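Undergrad: Fit chain Y to the supplied structure of chain H, relying on the hints for placement.
There are 2 protein chains.
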Amino acid sequence: MEKKSGIILALDVKDHDKALEIVKKLKNLIDAVKIGYPTVLENSMNIVDEISKTMPVICDFKVADIPNTNSLIAESVKKHGAEGLISHAFTGSDSLDAVIKSFYPGKVFAVVEMTHPGAVEFMQEVSLKLAKMAIEKGVSGFIVPGTRPERIKIYRSMSKEILLLAPGIGVQGGEAKRAIENGADYIIIGRSIYEAKDPVQKTKEIIESIS
Amino acid sequence: MEKKSGIILALDVKDHDKALEIVKKLKNLIDAVKIGYPTVLENSMNIVDEISKTMPVICDFKVADIPNTNSLIAESVKKHGAEGLISHAFTGSDSLDAVIKSFYPGKVFAVVEMTHPGAVEFMQEVSLKLAKMAIEKGVSGFIVPGTRPERIKIYRSMSKEILLLAPGIGVQGGEAKRAIENGADYIIIGRSIYEAKDPVQKTKEIIESIS
Numbered sequence: 011m012e013k014k015s016g017i018i019l020a021l022d023v024k025d026h027d028k029a030l031e032i033v034k035k036l037k038n039l040i041d042a043v044k045i046g047y048p049t050v051l052e053n054s055m056n057i058v059d060e061i062s063k064t065m066p067v068i069c070d071f072k073v074a075d076i077p078n079t080n081s082l083i084a085e086s087v088k089k090h091g092a093e094g095l096i097s098h099a100f101t102g103s104d105s106l107d108a109v110i111k112s113f114y115p116g117k118v119f120a121v122v123e124m125t126h127p128g129a130v131e132f133m134q135e136v137s138l139k140l141a142k143m144a145i146e147k148g149v150s151g152f153i154v155p156g157t158r159p160e161r162i163k164i165y166r167s168m169s170k171e172i173l174l175l176a177p178g179i180g181v182q183g184g185e186a187k188r189a190i191e192n193g194a195d196y197i198i199i200g201r202s203i204y205e206a207k208d209p210v211q212k213t214k215e216i217i218e219s220i221s
Numbered sequence: 011m012e013k014k015s016g017i018i019l020a021l022d023v024k025d026h027d028k029a030l031e032i033v034k035k036l037k038n039l040i041d042a043v044k045i046g047y048p049t050v051l052e053n054s055m056n057i058v059d060e061i062s063k064t065m066p067v068i069c070d071f072k073v074a075d076i077p078n079t080n081s082l083i084a085e086s087v088k089k090h091g092a093e094g095l096i097s098h099a100f101t102g103s104d105s106l107d108a109v110i111k112s113f114y115p116g117k118v119f120a121v122v123e124m125t126h127p128g129a130v131e132f133m134q135e136v137s138l139k140l141a142k143m144a145i146e147k148g149v150s151g152f153i154v155p156g157t158r159p160e161r162i163k164i165y166r167s168m169s170k171e172i173l174l175l176a177p178g179i180g181v182q183g184g185e186a187k188r189a190i191e192n193g194a195d196y197i198i199i200g201r202s203i204y205e206a207k208d209p210v211q212k213t214k215e216i217i218e219s220i221s
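Sequence lines, in order, name chains H and Y.
Numbering-wise, the working numbering comes out as the position in the first sequence, counting from 1, plus 10.
Numbering-wise, the working numbering comes out as the position in the second sequence, counting from 1, plus 10.
Hints are computed from structural coordinates only; laboratory data are not their basis.
Keep in mind that the hints are not guaranteed to be accurate.
In this list, chains with the same sequence are indistinguishable; a pair is considered to hold if it fits within one copy or across any two.
Taking lysine to any residue and the SDA-like style, the derived pairs with C-alpha atoms no more than 20 Å apart in a straight line are [stated by the list, open to error]:
| no. | residue 1 | residue 2 |
| --- | --- | --- |
| 1 | K139 | I217 |
| 2 | K88 | D25 |
| 3 | K89 | D25 |
| 4 | K214 | R201 |
| 5 | K35 | A206 |
| 6 | K24 | D59 |
| 7 | K28 | I57 |
| 8 | K142 | R161 |
| 9 | K14 | E135 |
| 10 | K24 | N78 |
| 11 | K24 | E52 |
| 12 | K89 | K139 |
| 13 | K214 | V181 |
| 14 | K37 | K142 |
| 15 | K88 | T64 |
| 16 | K147 | V130 |
| 17 | K187 | Q134 |
| 18 | K187 | L173 |
| 19 | K88 | L39 |
| 20 | K170 | R201 |
| 21 | K88 | N53 |
| 22 | K34 | I220 |
Nothing here was measured: the structure is a model prediction, and the numbers come from that model.
Extracted from the complex, chain H is given alone in its bound form (with noise of 0.2 Å):
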């Protein structure tokens, strides 16, 4: 996952050709493709190895079950070519490790604080140390609010190697320019681009914004 522009883009877009489509466009200006659950149960892990071949994907499929469960997925992930997967660490050390073993050398990215209201319910409270158990693990790197901008600066704090990626860009409410200022590598970054009038313009005027 090289670094282009520090954009990837969340295509949380269902229909095949219309999604392929975005991808086609943007592949030049941005670093990789989030690709969720929504999209892959619509189409199937076949549009995974069909982006693949274009670019990084990064599968946003939140993993969050026994050890087991969550090796047979991360196989599943790597087998279909992506090149990153997010997963939860709230279920524990054993079960990220498992991710983390069966997706290597793939990147796991762990959510360590989530952008919603109800993140804040029981998530808030042991963020921090979903974080620093997700480190001693060895994961890539941490899933940051991109609306809470004080929140990436703390996660940056722990560790100057961690990649740290935003999301909640854009319609959500966060700001680009901040969430870098603050510490994130990676914003992602969804319907603001690919629902703009033009994307590729919306996505160059954000690297501008950024750079």
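TA: Just chain Y, lined up with the frame of chain H:
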């Protein structure tokens, strides 16, 4: 999901034909089939459609995303014919609520406690809070640890109506009889059944032990 035997088969079999064959063999003895991501990723959601034609399917997707993504996952699972969907509660009440609303009238089962060692690190201490919140939100049932019958008793005491589904029976160490005695409505069994020399005979023995 009519209760005949109290047994839900955890069909963690990736091979399509083998999976269908096991269902065919056991369909008169079991109440439902639980399918997880490893099986779906190796095939596609079509396997859920196929098995749903024969008997109730519960998708064990441990849904754990932001509300909007959770809704999209739940809609997809509903569209493909599943009657049940397993969701995490840890990601908060709005996330769980999105699953319940989008999956209605299907049954949502919330994970309140898991069976693997790492589950004690972050989930254990909030498990009763998760259960309380899940009841308030209107889930149909809980996923409870078949390996810890004393915990099943506690969840049973929280509600008479809530369905309690207990995985971890068999290979993972839980005893079917003790789980049922302590309040479980259904036990979830996988490998002990489908890896048995005679899965039909094995299932009959388990039914005998709990009736």
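Undergrad: Determine for every hint whether it applies to the structure shown.
TA: Cross-check of the supplied hints:
1. Taking identical chains as interchangeable, the C-alpha atoms of K139 and I217 are never at most 20 Å apart, the minima being 33 Å within one chain and 43 Å between chains.
2. In the homo-oligomer, the alpha carbons of K88 and D25 lie at most 20 Å apart only across protomers (18 Å), although the nearest pairing inside one protomer, at 23 Å, exceeds that limit.
3. Taking the shortest Cα distances, K89 and D25 sit within 20 Å of each other only across copies (16 Å), while inside one copy they are farther apart (23 Å).
4. In this homomeric assembly, K214 and R201 come within 20 Å of each other (Cα to Cα) only inside a single copy, at 15 Å, whereas the closest approach across copies is 52 Å.
5. Proximity of K35 to A206 under the C-alpha cut-off of 20 Å is restricted to the intra-copy arrangement: shortest distance 13 Å within a copy versus 52 Å between copies.
6. Proximity of K24 to D59 under the C-alpha cut-off of 20 Å is found in both arrangements, the shortest distances being 16 Å within a copy and 19 Å between copies.
7. In this homomeric assembly, K28 and I57 come within 20 Å of each other (Cα to Cα) only inside a single copy, at 12 Å, whereas the closest approach across copies is 25 Å.
8. When the C-alpha separation of K142 and R161 is checked against a cutoff of 20 Å, the pair qualifies only within one copy, where the shortest distance is 14 Å, while the shortest distance between copies is 29 Å.
9. With identical chains, the CA atoms of K14 and E135 are never at most 20 Å apart, being 35 Å at best within one copy and 43 Å at best between copies.
10. Taking the shortest alpha-carbon separations for K24 and N78, only the inter-copy value of 14 Å comes in at or below 20 Å, while the best intra-copy value is 29 Å.
11. For the identical chains of this complex, K24 and E52 are neighbours both inside a copy (6 Å) and across copies (19 Å), given an alpha-carbon limit of 20 Å.
12. Neither within a single protomer nor between protomers do K89 and K139 lie at most 20 Å apart by alpha-carbon distance, with minima of 31 Å and 38 Å respectively.
13. When the C-alpha separation of K214 and V181 is checked against a cutoff of 20 Å, the pair qualifies only within one copy, where the shortest distance is 17 Å, while the shortest distance between copies is 54 Å.
14. Taking CA atoms no more than 20 Å apart as the test, K37 paired with K142 passes in neither setting, with 34 Å inside one copy and 46 Å between copies.
15. Within a single copy, K88 and T64 get their C-alpha atoms as close as 16 Å, which meets the 20 Å cut-off; across copies the closest is 32 Å, which misses it.
16. Taking identical chains as interchangeable, the C-alpha atoms of K147 and V130 lie at most 20 Å apart only when they sit on different chains, with a minimum of 17 Å there against 24 Å within one chain.
17. Within a single copy, K187 and Q134 get their C-alpha atoms no closer than 24 Å, and across copies no closer than 38 Å, so neither meets the 20 Å cut-off.
18. For a Cα distance limit of 20 Å, the shortest separation of K187 from L173 inside one copy, 17 Å, qualifies, whereas the shortest one across copies, 48 Å, does not.
19. For a Cα distance limit of 20 Å, the shortest separation of K88 from L39 qualifies neither inside one copy, at 25 Å, nor across copies, at 36 Å.
20. Taking the closest pair of Cα atoms, K170 and R201 never come within 20 Å of each other, the shortest separation being 30 Å inside a single copy and 44 Å across copies.
21. Taking identical chains as interchangeable, the C-alpha atoms of K88 and N53 lie at most 20 Å apart whether they share a chain (18 Å) or sit on different chains (15 Å).
22. Taking identical chains as interchangeable, the C-alpha atoms of K34 and I220 are never at most 20 Å apart, the minima being 23 Å within one chain and 57 Å between chains.
Figure legend: structure checked against the earlier numbered hints; hints not met, in rising order: 1, 9, 12, 14, 17, 19, 20, 22.
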